[in-house]
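Asker: Protein chains in written order, with this note's numbering: chain A, 1 to 140; chain B, 141 to 286.
Among these hints, one or two may not hold up.
Unchecked claim - Some but not every residue of chain B turned toward chain A, in silico, with C-beta under 10 Å:
#, residue
1, LEU156
2, ALA167
3, GLN227
Said to hold, decoys possible - Computed footprint of chain B on chain A, listed as stretches where at least three residues anywhere in the stretch have a Cβ under 8 Å from a Cβ of chain B:
#, stretch
4, 60–68
5, 116–122
Read the hints as simulated data drawn from the structure, not as lab findings. Quick caveat, the model's predicted, so the values are computed rather than measured. Built from N, CA and C at the ideal position, the CB exists for glycine as well.
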Amino acid sequence: MSTFPTFATVQVGDLLPALQLAPVERATLALFGGASGDHNPIHIDTDFARRSGMPDVFAQGMLGMAWVGRVLTGWAPQSRLRRFDVRFQGITHLGNAIRCTGQVVEKLEHEGEHCVRIQLQSANQFGQSKIVGEALVALP
Amino acid sequence: MIDKKWLGHEMPASVLPIERTRLQFFAKAIGETDPVYTDASAARDAGYPDLPAPPTFLFAAELDSGASTQLLADLEIPLSKLLHGEQGFSYFRAACVGDTVTVRSTITDIYDKKGGALEFVEKTSVATNQHGDRVAELRTVLVCRH
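Okay, chain A solo, but in the shape it has when bound (with noise of 0.2 Å):
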C-alpha cells in the first residue's frame, strides 16, 4: 500500500508529485475524443480545424483537466476529493508536452472536515500555461 498524506503531515506549501505528460499527437486527441465522447472535429479532423481558423487540431480541454486531476488522484485518493476546478489559459496544441503541477496553499475547515486547499497548474514546454485550478481536498 502506498502511503496517503494526512492531515498532520502536510504543511502550506507542500509540492504535490508533478505530472509530465509526452507531446500531444494527433492519436492521443483521437482516443480522448472517443473515450470522453467529445467528438468535436475541431480535435479530429485537420480539414475542419483549418477551416474553423485554427492552424491544426487541437487538445480538448477536458484532457487538460484530466491531466491534472491526476495529479490529485496521484496524491491523495479521489474519495477525498471534494472539489476540483478549473480555467482554461490557452489552447494545447500538437507537440505540446504538458506538465501538471499542484501546491498546498491552505489548510482548514470545512463542513466539519480538515481539508487542504490545492493550487493546480499546468503549462507545456516553453512555459505557456495552459490551465490554472484549484482543488479542495479532504485529509485524515
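Based on the hints, put chain B in the right spot on chain A.
Answerer: Frame of chain A; chain B shown alone:
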C-alpha cells in the same frame, strides 16, 4: 449574439451508465496507470465497490446523450467557434461501475466580454445516481469566439 431567453433553460436529463470498458478506455486515453481505475480488485482494495469514474468523467453524460449538441444548436454556437472556458466539480460520493448517473443542467448565466467578441454561457448541473443520491455538481463555462 446568444439570445438571453435561454437563461434559466433546463436541459433534458442525460443518463450515463457507468461501464467497465468505457472507464478502462478513458483511463488509457488520459494515461492513467493507477490500477484502481482499471482493475476491479485494486478498486475494491481501495474501498470502492468497483472501478470508480475518474474526477472529470461525468462530463461525458451530456456528450453521450446529445444534450450538449442540442444546447449548442439552440444557442446557435457553431462547433468551429466553441471553446471551454471553465469547468468545476463538487463531489459528494463516488460513481462506480454498475451505477447509473443522471445529469440535469440549467443555464445559469449568459454574458459577453470585449464588446461581444467573446460570449459566455454558464451551465450548472446536478448528477445523481440510481438511488437518487447526489454524486456531484458540475459548473461549465462555454465560450463562443467571434
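Asker: For the stretch 60–68 of chain A, does the count of residues with a C-beta closer than 8 Å to a C-beta of chain B reach 3?
Answerer: It holds: at least three residues are needed, and the stretch 60–68 of chain A offers 7 whose Cβ sits within less than 8 Å of chain B.
Asker: Under 10 Å is the threshold here; is the Cβ of B:ALA167 close enough to any Cβ of chain A for the hint to stand?
Answerer: Because about 8 Å separates B:ALA167 from the closest Cβ in chain A, which is inside the 10 Å limit, the hint holds.
Asker: Using Cβ atoms only, decide whether B:GLN227 comes closer than 10 Å to chain A, and label the hint accordingly.
Answerer: Interface hint status for B:GLN227: holds (6 Å vs cutoff 10 Å).
Asker: For the stretch 116–122 of chain A, do at least 3 residues have a Cβ located nearer than 8 Å to some Cβ of chain B?
Answerer: Contact hint for the stretch 116–122 of chain A vs chain B: violated, 0 residues under 8 Å.
Asker: Holds or violated: the hint that B:LEU156 contacts chain A, with Cβ atoms closer than 10 Å.
Answerer: Result: holds, 9 Å to nearest chain A Cβ.
Violation of the numbered hints given earlier is confined to hint 5; every other hint is satisfied by the structure.
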